[in-house]
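S.K.: Residue numbers (numbering that gives the first Met the number 0), protein chains in the order written: chain A, 0 to 155; chain B, 0 to 105.
There may be inaccurate statements among the hints.
Far from chain A by the CB rule (all over 12 angstroms, computed), these chain B residues [as the list claims (entries may be wrong)]:
#, residue
1, I5
2, K10
3, E15
4, L22
5, Q47
6, T89
7, N92
8, A95
9, Q96
10, T97
11, E98
12, S99
13, V100
Here are a few chain A residues that face chain B, going by a calculated C-beta distance under 7 angstroms [what the hints assert, rightly or not]:
#, residue
14, I40
15, V43
16, I102
17, L104
18, P107
19, R116
20, R118
If you're looking for bench data, these hints aren't it; they were derived computationally from the structure. By construction, the Cβ of each residue, glycine as well, lies at the ideal position given by its N, Cα and C atoms.
Single-letter residue listing:
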Amino acid sequence: MADDATRRAFLIGATSLAGGLITVLPVTDARATPETMQAAIKKVIGSAALRKGKVTLHLPPLVENGNSVAMDVAVDSPMTANNHVRAIHVFNEKNPQSNVVSIRLGPPAGQAKIATRVRLADSQRIMAIAEMNDGTFWSDEVDVIVTIAACLEDPV
Amino acid sequence: MARALINVPAKAKKGEIITIKTLISHEMETGYRHDNVGKAIPRNIITQFVCTYNGLEVFRAELFPAIAANPFITFQTVATASGKIEFKWTGDNDFAQTESVNITVE
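One chain only, chain B, in its complex shape (with noise of 0.2 angstroms):
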C-alpha cells in the first residue's frame, strides 16, 4: 500500500467550494530512463485519478510520465450533502489503491 495524504475540509457549508488536495507516494517510472548496464528500466506509472463524491464522479484525470513522483493533483468541489469522498488511483503492474474521507455539510 503505497501512501496517500488527503485533504479534505471536515465541514463545510452546503454550496460552498471546496479545495481537495491529494497525494501518493509513488515513483512514477518514466520508462524512458536507462540503468547503468544501459537497460531500459520499465515504465511504472499511475494512470489514472478518479474522485467520486457519493458515488458521483466530480473529477477523473488521465497522467502521463510527464507527472512528477508522489503525484500531487488539486482540485475543487461543490460541497453538496454530508457523505463519503472517494479516491481511486490505478496504474501500471495492477497499481490499484482506494482512500476515502468523510465531510459534513451544513
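The shape of chain A in the complex, shown without the other chains (with noise of 0.2 angstroms):
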C-alpha cells in the first residue's frame, strides 16, 4: 500500500516537470520571500518609519521541529489610554505567506505580552512590529535555524 503511495507520487512529480528533472512530488513554489515580507510589512506600516526597540521578540535560535515554535512577542509600554500599543504584527521571510499573526490590543491588555506557537519552513529571519497609538512602528527582528521544517511537506 505505502510502496503504490510512493511510486503514484513519484510519477505524477516525474511527469509533471517537462524538463524530464525527477523530483518525488509536485512542489508548487509558493514560498515568501524577504521580498514578499517586505511588501507585506509595508502593507501594514504604509509610508510610516520602522525603528528598531521597544519591541522583544523571542524565538529559540536553534528549532529541531518547525511544526510547533514556542514565539512570545513583549512591547515595552505603559498601556495607557494615552500610550499604548495598538497592534503587534508577526512577519516571516521564508513560509508560503509572509504573515504569521495579526494581534489587536488596548489599554484595556495591561502589558503587551503575548505568547503563541508558530510554524517555520525553514531558516529564516522573523520580525515583530508593535504600532503604537501615537502611529509610530517599531520593531525586532530574531534569526531562527529550522532542522526539520513545517507547512510545505506532506502527510505520509
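Please assemble the complex out of the two chains, which come individually in their own frames, going by the hints.
M.R.: Here it is as C-alpha cells:
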C-alpha cells in the first residue's frame, strides 16, 4: 500500500516536470521571500518609518521541529489611554505566506505581552512589529535555524 | 465542537494584570500541502480569535497558516470587575466556537 502510494507520487512528480527533472512530489513554489515580507510589512505600516526597539521578540535560536515553535512578543509600553500598543504584527521570510499573526490590543491589556506557537518552513528571520497609538512603528528581528521544516511537507 | 482549554485565575485583585492562556484543538491545515496523489489539501484554519471581558473587546488576533496546529494564545488583561470573559474562535468552513469563564474581582 505504502509502496504503491510512493510509486504513484513519484510518477506524478516526474511527469509534471516537462524538463524531465526528477522530483518525488510536484512541489509548487509557494514560498514567501524577503521581498514579499517587505511587501507585507509595507501593507501594514504604509509610508511610516520602522524603528528598532521597544519590541522584544523571543524564539529559540535553534529549532528542531518547525511544526510548533514557541514564540513570544513583549512590547515596552505603559498601556495607558495616552500611550499604548495598538497592534502587534509578526512576519516571516520563507513560509508560504509572509504573515504569521496580527494582534489588536489596547489599554485593557495592561501589558503588551503575547505568546503563541508558530510554524516555520525554513531557517529564516522573523520580525515583530508593534504599532503604537501615536502611529509609530517599532520592530525586533530574530534569526532562527530550523532543522525539520513545517508547512510544505506532505502527510505520510 | 473542538476541545478548548482556557486558563484564567478564578479570583483576582482589582487592577491586577492577569494572564489568560487559551488552547483549542484544531488541525490548522495550511492549504500548502498535497496528499499522496499530489492533490492539494484545502486550507482549513482558524482565522480569528476574539476575547471580550464583560462585553468589552480586550484582545483580537488574526491567525494565518503559520500558526501551529491547536492554536495556543497567551495574553494579558487588567482585572477590572467581576464578570464573564468570553472567547470566540472563527475560521474556515464556518468554524465557530465560543467559550466563557467567570472571574471574581475583589
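S.K.: Hey, is Q96 of chain B genuinely clear of chain A, shortest beta carbon separation above 12 angstroms?
M.R.: holds (17 angstroms)
S.K.: Are V43 of chain A and chain B close enough, Cβ to Cβ, to be under 7 angstroms, as the hint says?
M.R.: violated (11 angstroms)
S.K.: Is it the case that I5 of chain B keeps its Cβ farther than 12 angstroms from each residue Cβ in chain A?
M.R.: The claim holds: I5 of chain B sits with its nearest Cβ about 15 angstroms from chain A, beyond 12 angstroms.
S.K.: For T89 of chain B, which was marked as not at the interface, is the minimum beta-carbon distance to chain A over 12 angstroms?
M.R.: Label holds. Min Cβ-Cβ 15 angstroms, cutoff 12 angstroms.
S.K.: So is Q47 of chain B really clear of chain A, every C-beta pair being over 12 angstroms apart?
M.R.: violated (10 angstroms)
S.K.: Take the shortest C-beta to C-beta distance between I40 of chain A and chain B; is it under 7 angstroms?
M.R.: violated (14 angstroms)
S.K.: Confirm or reject the statement that N92 of chain B sits farther than 12 angstroms, beta carbon to beta carbon, from all of chain A.
M.R.: Nearest chain A Cβ is 18 angstroms from N92 of chain B, so the label holds.
S.K.: With chain B as the partner, please determine if R116 of chain A meets the hint condition of a C-beta pair closer than 7 angstroms.
M.R.: holds (4 angstroms)
S.K.: At 12 angstroms, judged by beta carbons, does L22 of chain B keep clear of chain A as stated?
M.R.: violated (9 angstroms)
S.K.: Against chain B, run the beta carbon of L104 of chain A and see if the smallest gap drops under 7 angstroms.
M.R.: holds (6 angstroms)
S.K.: If I take the minimum Cβ distance from E98 of chain B to any residue of chain A, is it greater than 12 angstroms?
M.R.: holds (17 angstroms)
S.K.: With 12 angstroms as the threshold, tell me whether S99 of chain B passes as away from chain A on beta-carbon distances.
M.R.: holds (17 angstroms)
Checked against the numbered hints above, the structure breaks hints 3, 4, 5, 14, 15 and satisfies the rest.
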